[in-house]
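Enquirer: Spelled out, the chains give:
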Amino acid sequence: MRFFGADKDAQRVETLKNVPIFHGLSRKEILEVDELLHERVYEKEEIIFEEGDPGHGIFIVLSGKVRADPSHELLKTANLEFGPGELVGELSLFDEIPRTATVVAVEHTVAVALFQAEFFSLLTKNKRIGVKVLLEIARTLSRRARQLLLDQKHVPSL
Amino acid sequence: MRTFAQPGAVTLLAIILTTCLVLSLFQRMIWLVVPFLLALMLYYCLRPAVDALVVRGMRHETAAKSVWALLQLIAAAIVLAAALLVLAKAGTWQGGLDRYLAGGRSLLRKTTESLEKTIPLFERMSLGAQVDQHVQQFTDRFAEDNLLPITLQLLKWLPSLLLVPYIAYFMLNDSMRMKKYIIKSVPNAFFEKALLLFSRLDGSLQSYFQGLFLLTLLDTICLGLGLEVLGITNAMWLGLAAAVLAWIPYLGSVIGCILVVLVAATDFPEKTWMAYACMGLFLGVRLLDDFVFLPITIGRKLHVHPLLSVLMLFLGASVAGAAGLVLALPVFGVVAVIGETVVQVVTDRRLRARYRVARQLAASYQGIDAARSVANVPLRGGQ
Numbered sequence: 000m001r002f003f004g005a006d007k008d009a010q011r012v013e014t015l016k017n018v019p020i021f022h023g024l025s026r027k028e029i030l031e032v033d034e035l036l037h038e039r040v041y042e043k044e045e046i047i048f049e050e051g052d053p054g055h056g057i058f059i060v061l062s063g064k065v066r067a068d069p070s071h072e073l074l075k076t077a078n079l080e081f082g083p084g085e086l087v088g089e090l091s092l093f094d095e096i097p098r099t100a101t102v103v104a105v106e107h108t109v110a111v112a113l114f115q116a117e118f119f120s121l122l123t124k125n126k127r128i129g130v131k132v133l134l135e136i137a138r139t140l141s142r143r144a145r146q147l148l149l150d151q152k153h154v155p156s157l
Numbered sequence: 000m001r002t003f004a005q006p007g008a009v010t011l012l013a014i015i016l017t018t019c020l021v022l023s024l025f026q027r028m029i030w031l032v033v034p035f036l037l038a039l040m041l042y043y044c045l046r047p048a049v050d051a052l053v054v055r056g057m058r059h060e061t062a063a064k065s066v067w068a069l070l071q072l073i074a075a076a077i078v079l080a081a082a083l084l085v086l087a088k089a090g091t092w093q094g095g096l097d098r099y100l101a102g103g104r105s106l107l108r109k110t111t112e113s114l115e116k117t118i119p120l121f122e123r124m125s126l127g128a129q130v131d132q133h134v135q136q137f138t139d140r141f142a143e144d145n146l147l148p149i150t151l152q153l154l155k156w157l158p159s160l161l162l163v164p165y166i167a168y169f170m171l172n173d174s175m176r177m178k179k180y181i182i183k184s185v186p187n188a189f190f191e192k193a194l195l196l197f198s199r200l201d202g203s204l205q206s207y208f209q210g211l212f213l214l215t216l217l218d219t220i221c222l223g224l225g226l227e228v229l230g231i232t233n234a235m236w237l238g239l240a241a242a243v244l245a246w247i248p249y250l251g252s253v254i255g256c257i258l259v260v261l262v263a264a265t266d267f268p269e270k271t272w273m274a275y276a277c278m279g280l281f282l283g284v285r286l287l288d289d290f291v292f293l294p295i296t297i298g299r300k301l302h303v304h305p306l307l308s309v310l311m312l313f314l315g316a317s318v319a320g321a322a323g324l325v326l327a328l329p330v331f332g333v334v335a336v337i338g339e340t341v342v343q344v345v346t347d348r349r350l351r352a353r354y355r356v357a358r359q360l361a362a363s364y365q366g367i368d369a370a371r372s373v374a375n376v377p378l379r380g381g382q
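Protein chains in written order, with numbering that gives the first Met the number 0: chain H, 0 to 157; chain D, 0 to 382.
The following block holds chain D by itself, in its conformation from the complex (with noise of 0.2 Å):
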């Protein structure tokens, strides 16, 4: 239920500038930011496991530590796992590597010798041999160029990484704590605003994280029995793994399609039509992500018009890089939020002047206490 009425053009703006300045601020403590922020995403995640603990009648401290000893449990197994799939299949994944690379070149010399033949410009810029050239200089210089600075990246976010599963059981444990201490600072005249502030971005927080994940389930299936009916190997991996690089707007669906055009093109070396139907599968479920699963399950909760969503992003971008792509939605909403309740705040005299009187009166009686004090007279509220 939408208690607030639509911000108007000034306040719209306002909340557009702050964002980009928390974007901006954010990109300079991204080490801080993508920690809490996955926190939150598994608070959000955990969040209704509890409920459903306490709706069994377990205390709810007992059933956050329920929740997350479990959780610790499986991202064990899952590590364990990961380590010997890695210590008995290392070997292999570097030609397995190099095949799916080979693959893809091959497509790329068949599609451009294709162009050449049907646009003669093409052939006489020899587009297959430039393009052959970049790719063989890209992939030649690939390793000896990044691999070093991107596992000295990966070591430098370990550390903070770590840090999810606290926060997020701390969120999980002690968030109606947290929150109550906050409330208490607020001024009574603000008091209730604060309240429905707190519960419109709590609201807000866990419709974009349950509808993402929501998301990703929908393009999983999609993607996986789509690759599936196309014949391609481990099609719903792929599906998921494609799914969850879509977390970062556009930039992650390009990835999310090459590598399963790389499998495909490797999978189906002769049949050329295989990667194009892989990427017709994903143009489609990228249409019906954008105009069917994502206003069911984010928009309409989030209330943000999709042409704002696409200029929200472009701005993230251009403020934060890949970071603001993937944090210009949920920090938008947030701002949205607060911003429309600050002006609500700022705009009422009435909720102003209760706050101006209360003040008065409350120096009025402190300047009474002390007086009492020094008379040792008892104070008020047999303090």
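Bound-form chain H, shown alone (with noise of 0.2 Å):
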């Protein structure tokens, strides 16, 4: 029985189709993921997180675009907008570690949030869709760090 919703699942697969970590799923994946993804909308400058803050999970930018302000010198030289598709806080998913930066929307954005928790518990209870979102995520992380280290002036892991 399905309570809120189940007319809107086309336009939300549709959505999150667009998303890269989410490419290798079918419909049929991406609903299951969905039911564990929780939508927040931002205004203008609104903070999303604080550097410090206690990480629990990962924000993926849906529309709208982010921008992440650290204090650390070495992100400080990176270009750190993020705009529909990309993720923020990846680094929070795998280790409750203090937030690298603050994150704040430079427009009227929609993200989705990915919480730790309830990420593992997909990765326990369906592995299939587990590993290939893993999988993606882990590419983004490898192709951040590889940029950094290469002193790409483009986004890093937070």
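Hints in this document: simulated from the structure, not taken from any laboratory.
Warning: the hint list may mix true and false statements.
Unchecked claim - Derived, one-sided and incomplete: chain D residues facing chain H with beta-carbon distance under 8 Å:
| no. | residue |
| --- | --- |
| 1 | L84 |
| 2 | K88 |
| 3 | M175 |
| 4 | K179 |
| 5 | L195 |
| 6 | S198 |
| 7 | V345 |
| 8 | T346 |
| 9 | R353 |
| 10 | A361 |
Said to hold, decoys possible - Straight-line C-alpha distance at most 20 Å; calculated SDA-like pairs for lysine to any residue:
| no. | chain 1 | residue 1 | chain 2 | residue 2 |
| --- | --- | --- | --- | --- |
| 11 | H | K126 | D | R46 |
| 12 | D | K178 | H | L140 |
| 13 | D | K178 | H | D8 |
| 14 | D | K179 | H | V12 |
| 15 | D | K192 | H | K27 |
| 16 | H | K43 | D | R46 |
| 17 | H | K27 | D | R58 |
| 18 | D | K192 | H | I96 |
| 19 | D | K64 | D | K192 |
| 20 | H | K27 | D | G56 |
Claimed, not checked - Some chain H residues near chain D, calculated using beta-carbon distances under 10 Å:
| no. | residue |
| --- | --- |
| 21 | Q10 |
| 22 | E13 |
| 23 | T14 |
| 24 | R39 |
| 25 | V40 |
| 26 | E49 |
| 27 | F93 |
| 28 | E135 |
| 29 | T139 |
Beta carbons are placed, not taken as given, at the ideal position from N, Cα and C, and that holds for glycine.
Reconstruct the complex from the two isolated chains, following the hints.
Expert: Set out below in structure tokens:
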């Protein structure tokens, strides 16, 4: 029995299909993952999370744009704006470390959050989906780490 | 893993007072609390089965429906078997009950006689005669005074107890959606804290109920084996009944012990020591429970200090009677988790400031949206 928004499934699948970490998932799998996602709407200049906050999960930007303001010198040199499909706060998905930057909405932004505990339950319960998502997050992490190591002015992990 | 620090003295006091208040409130709506609590127990028992089916590739909804359907079949089979048993043996049970009560009275008489022989003061007081008179009065008037009220209470409880499987089903099927729905109403500034709170509440309740069932299993095995060794009939069933009764702290254990002692006194009328051995066994298992099983099952997960547990049980009993005894620890666990989170939010200036700024931003953009809609300009976010 579906209580909430059964008719919005197709639209939702389309939106999430455009997120790179969900590229490899089928329609059915995206709907399973969507059960775990929490949608949040941020106004322009609203803080999404602050540097030093205990991190408990990642945020995936669906529409709008967010900017990271880190205090760390190395991270300051990078271009830290994230648009639709990009994720922020991915380091907190694996370890509850404090956030390494403050992330603020640059414009009216819609994002979905994937909470660490729920992501781990997905990995346990549905390994097939969990591994696909994990692999895509690992790719993002690896790409960002490489860019940071090579001193490219691009997005590092937060 | 504990991500929060232990609460301070004021927080702890507030948590204890809130727990008492909640227990007092729960006592007033006990007809709703009991089915909800039983449904919660059922939910945490069945959830591992649902998760196991999901791991094997079944969709969550299908898994929840399958497990619930299986439960209904098992419940129907049990009810049918119980009804057949009642029809077949109802006549002999009355005789059996009288026999066990007579066995208990005989044990009591022998014990008081032996006490009178050992301590002359008791003989002068005619302890045996007095105890016998009280027991006789109690048993004579028990059916007259209590049978009708008990039957009426059972009939009153039946409709709300029928709710249990349905509440459990919706918890199994829709708990995630309900959680998302509630989280949606939390302001952005407190969103991560709210998620963490839900996760901790879920963890605490799961640990409590799964711990309770593990404790019941361990109690059943220890009592059942002990009674089996002593040669008591239906040892495992008696062990199970006593272990389930122990869900009501202290009072349940006493009732369970009386039950087993009655059976021992009736099965072995000439061996008074057998009833005492049963009492000894009960005390032994009780000690094992309090110092070994409880800490490794419930206590370890709930992080409640033993002294605080005892204090909460007494407070619960004084505030809400028997219901308070049963509900004190789980309610305290939940209130403690909520209280700690609320204190964290209230004392975190950054979070509160972020919330205030977000509200101001939302209000100012609502004003802009209103002006745009009057001027027929498209709203932000393509609305």
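Enquirer: If a hint holds in the structure, say so; if it doesn't, say that too.
Expert: To see whether the hints hold, each was checked on the structure:
About 36 Å separates the beta-carbon of L84/D from the nearest beta-carbon of chain H, more than 8 Å, and the hint is not met. The criterion of a C-beta within 8 Å of any C-beta in chain H is not met by K88/D, whose closest approach is roughly 41 Å, and the hint is violated. For the restraint placing M175/D at the interface with chain H, the shortest Cβ-Cβ distance is roughly 5 Å, inside the 8 Å limit, so the hint holds. The interface hint given for K179/D holds, since its Cβ lies 6 Å from the closest Cβ of chain H, which is under the 8 Å cut-off.
Interface hint at L195/D: satisfied, since its Cβ lies 6 Å from the closest Cβ of chain H, which is below the 8 Å cut-off. Of the supplied interface hints, the one on S198/D holds, with its beta-carbon coming within about 5 Å of a beta-carbon of chain H, less than 8 Å. At its closest, the beta carbon of V345/D sits 16 Å from a beta carbon of chain H; the interface hint therefore is violated under the 8 Å criterion. Interface hint at T346/D: violated, since its Cβ lies 15 Å from the closest Cβ of chain H, which is beyond the 8 Å cut-off.
At about 5 Å, the closest approach between the beta carbon of R353/D and any beta carbon in chain H falls short of 8 Å, and the interface hint on this residue holds. Look at A361/D: its Cβ gets to within about 6 Å of chain H, closer than 8 Å, so that hint holds up. Of the supplied pair hints, the one linking K126/H and R46/D holds, its CA atoms being roughly 18 Å apart against a limit of 20 Å. Restraint check for K178/D and L140/H: not satisfied, since their Cα atoms lie roughly 29 Å apart, outside the 20 Å limit.
Straight-line distance between C-alpha atoms of K178/D and D8/H comes to about 19 Å, which keeps the hinted pair within the 20 Å bound. Using a Cα cut-off of 20 Å, the hinted pair K179/D and V12/H holds, with the two alpha carbons roughly 18 Å apart. Distance restraint check for K192/D and K27/H: the Cα-Cα separation of roughly 30 Å exceeds the 20 Å cut-off, and the hinted pair is therefore not satisfied. Restraint check for K43/H and R46/D: the C-alpha separation of about 41 Å exceeds 20 Å, so the hint is violated.
Taking the CA atoms of K27/H and R58/D, the gap is about 10 Å. The hint holds against a cut of 20 Å. For the hint linking K192/D to I96/H, the alpha-carbon distance of about 15 Å falls within 20 Å, and the restraint holds. Using a Cα cut-off of 20 Å, the hinted pair K64/D and K192/D is violated, with the two alpha carbons roughly 32 Å apart. A distance of roughly 12 Å separates the Cα atoms of K27/H and G56/D; the hinted pair therefore holds under the 20 Å criterion.
Given hint, Q10/H at the interface with chain D, is violated; its Cβ is 13 Å from that chain's nearest Cβ, farther than 10 Å. Hint status for E13/H relative to chain D: violated, with the closest Cβ pair at about 15 Å, above 10 Å. For T14/H, the interface hint is violated, the least distance from its beta-carbon to any beta-carbon of chain D being 13 Å, above 10 Å. Proximity of R39/H to chain D holds as hinted, the smallest CB-CB distance being about 6 Å (cut-off 10 Å).
Interface hint at V40/H: satisfied, since its Cβ lies 8 Å from the closest Cβ of chain D, which is below the 10 Å cut-off. The closest approach between the C-beta of E49/H and any C-beta of chain D is roughly 6 Å, which is under the 10 Å cut-off, so the hint is satisfied. With its C-beta approaching chain D no nearer than about 14 Å, F93/H sits outside the 10 Å limit, and its interface hint is violated. The criterion of a C-beta within 10 Å of any C-beta in chain D is not met by E135/H, whose closest approach is roughly 21 Å, and the hint is violated.
The closest approach between the C-beta of T139/H and any C-beta of chain D is roughly 21 Å, which is over the 10 Å cut-off, so the hint fails.
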